[in-house]
Amino acid sequence: MQANSEIVERSNAGIGDSLKRGAMAGLPIMFGYLPIAITYGVLASEAGLSLFEITMMSVMVFAGASQFVATNMILASVSAIEIILATFVLNFRHFVMSFSFMNQIRSFALKWKVPLSLGLTDETFAVGSLHKRESKDPYGGWFYASMILVSYSSWVGGSFLGGVLGEVIPAALSQSMVVALYAMFIALLVPSIRREWKIGIIAIISMVVNYILSALGISDGWAIVVATLVGGASGIGLVKEEEA
Amino acid sequence: MILVIIGMAIVTMVPRFLPAFVVDRWTFPLWVSRWLNAIPYAALGALIFPGITTVIDGEPHIGLLAGGVAVVFAFLRAHTIVTVLVAIGTVYILTII
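Sequences listed follow chains L and Z, in order. Sequential numbering of the first sequence, starting at 1039, is according to my numbering. Sequential numbering of the second sequence, starting at 241, is according to my numbering.
Just chain Z, same shape as in the assembly (with noise of 0.2 Å):
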């Protein structure tokens, strides 16, 4: 078991620590500076949807509303924890009722 955690973290940590190097040896061009930039929104939209819709098995509305919530809290510019205390309270009450 411990050899099968053990290859895990190799294949997950040497895709993560590459770029470390390559970013020290290799200066890029000013369109993969603008992609490279542009990453992070890309990933939290692509983390963001579909998953939010499952966050309650078979119930994909239930994420949805709270992802909604979370954007109304996020928009009235929310602390963070705030947001996420809201969205939290959402799929409780969604899920009790």
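Isolated chain L (complex conformation) (with noise of 0.2 Å):
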């Protein structure tokens, strides 16, 4: 990551700058979230949802994978609560990584944590807690503000598009798009490793422990909930703040 180096250079920029690198820090996500968000549209267009109820999943729930579940759901006529039920245990890992990213943020006022949080996703908590220089910026709430406005914004207005489109980006190509996410992640979480490689050895703990309750058919939102949460135990041993 060439961004971090350019990181330590500037420190104490202003508002702009910060808003600046905050979307150059979303662009990625903008990559993988447009061909997915396109085909959410598609699909729920195709599951019988309005446009404004396809726009409007996206504006209020903003969470990708619950989204498509939902629309599935719609398509075999599911009942309003078990889709409701659902999409809160899909969800629920944000609950943890919302703990962690308020604690790296503990400084910020109340106004700006709230909004962060609502923006938060499995994309926009990676980037902006492996971007920890800018919690302690006086103008870092821009820096992720702006991350997450992009990444809010591909998201909605690539819902809009799939529906109002249909197709737009060809079969081939959108299905290769969807490693772009995992790429991303990938991205973030082997320059840590380089740096520090206690860290492979929590995420390994975590990999293994998803591997293993998705073996034995626990849900996917409980299963990344559990793997969340025991490789972050063993991280309680492993790195020293200062490290992380």
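It should be emphasised that the hints constitute simulated quantities derived from the structure, not laboratory data. Errors might be hidden in some of the hints.
[As the list claims (entries may be wrong)] Stretch-level coverage of chain Z by chain L, calculated; a stretch enters the list once three of its residues show a Cβ under 8 Å from a Cβ in chain L:
1) 252-263
2) 280-293
3) 301-312
4) 318-324
[To be verified] Reference excerpt, derived from the structure (chain Z facing chain L, CB under 8 Å, subset only):
5) I242
6) L243
7) A249
8) W266
9) S273
10) L276
11) N277
12) A327
13) V331
Glycine included, every Cβ here is placed at the ideal spot set by N, Cα and C.
The two chains are supplied separately, each in an independent frame; assemble them into the complex guided by the hints.
Spelled out as structure tokens, the structure:
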């Protein structure tokens, strides 16, 4: 990540600079979100949702996997309560992630914490929590806000586009683009492991736990929550905060 | 339908913002802080695997290969965008051949 070395050089630039760097940090997320959001829009319109409903779900929920699951459940005429419950289970991991991120930006005022917390997804959390320096920067809030807004607008915009236009991206390409977010996660994780190998142990423990739980038939939502907590707990003894 | 969406929004948003209030009022002991600091790496691990094997249905090796390529590029300090594009290219090539 060359971005990290750039951050070292400037630490006290203004709001404009923070916004710009935040947008740059959000760019890979935008790349990953657009094809997925478009696919969601297409599927949701096939499931009979109106363009307003498709877009509003992205505006109000902003959680990709759960929106796909909900769309499939609507298509299968599952009851509203079950859809909402499934959404809760699937998105509960954001509770754990939010705890971690809110602890990182503990020095921010509540009027910053609340809106930023509402913008947390797997991806914005991953990018935000690996940009730790900004949490000590007086303009750091603008950085995170900008990164989240870039991601959010591409998610909402992509959903709308999918709903209006149908399949605008050729199937073979949009299928290939599904890997984008995984590649971004890898691009975030590997430099940290390179810096501190113990971080790799945390990640591998979490992967193994997630794999075992999935293989046992536990739902994706709970499997990720438990794997994240267990993997994180292994870090209590492994990594001191100055290393993380 | 709009009620379902509002319900989904509530059960998603509440767990997201509750920690903001908790963190504001409560200073954690050191071991909790360490736990929370390790969460991002654990979350990344859980988000990558085994999910990456499902990139192409029924062909887990494609996702794994693309992931391996991404690991190499990330290790060589390629920019995130480059790593992402190379991984997309890898999947694309593997699906069309």
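- Message: For each hint given before, does the structure comply? Return the numbers of the non-compliant ones in rising order.
- Response: Hint check: 8 fails alone, others pass.
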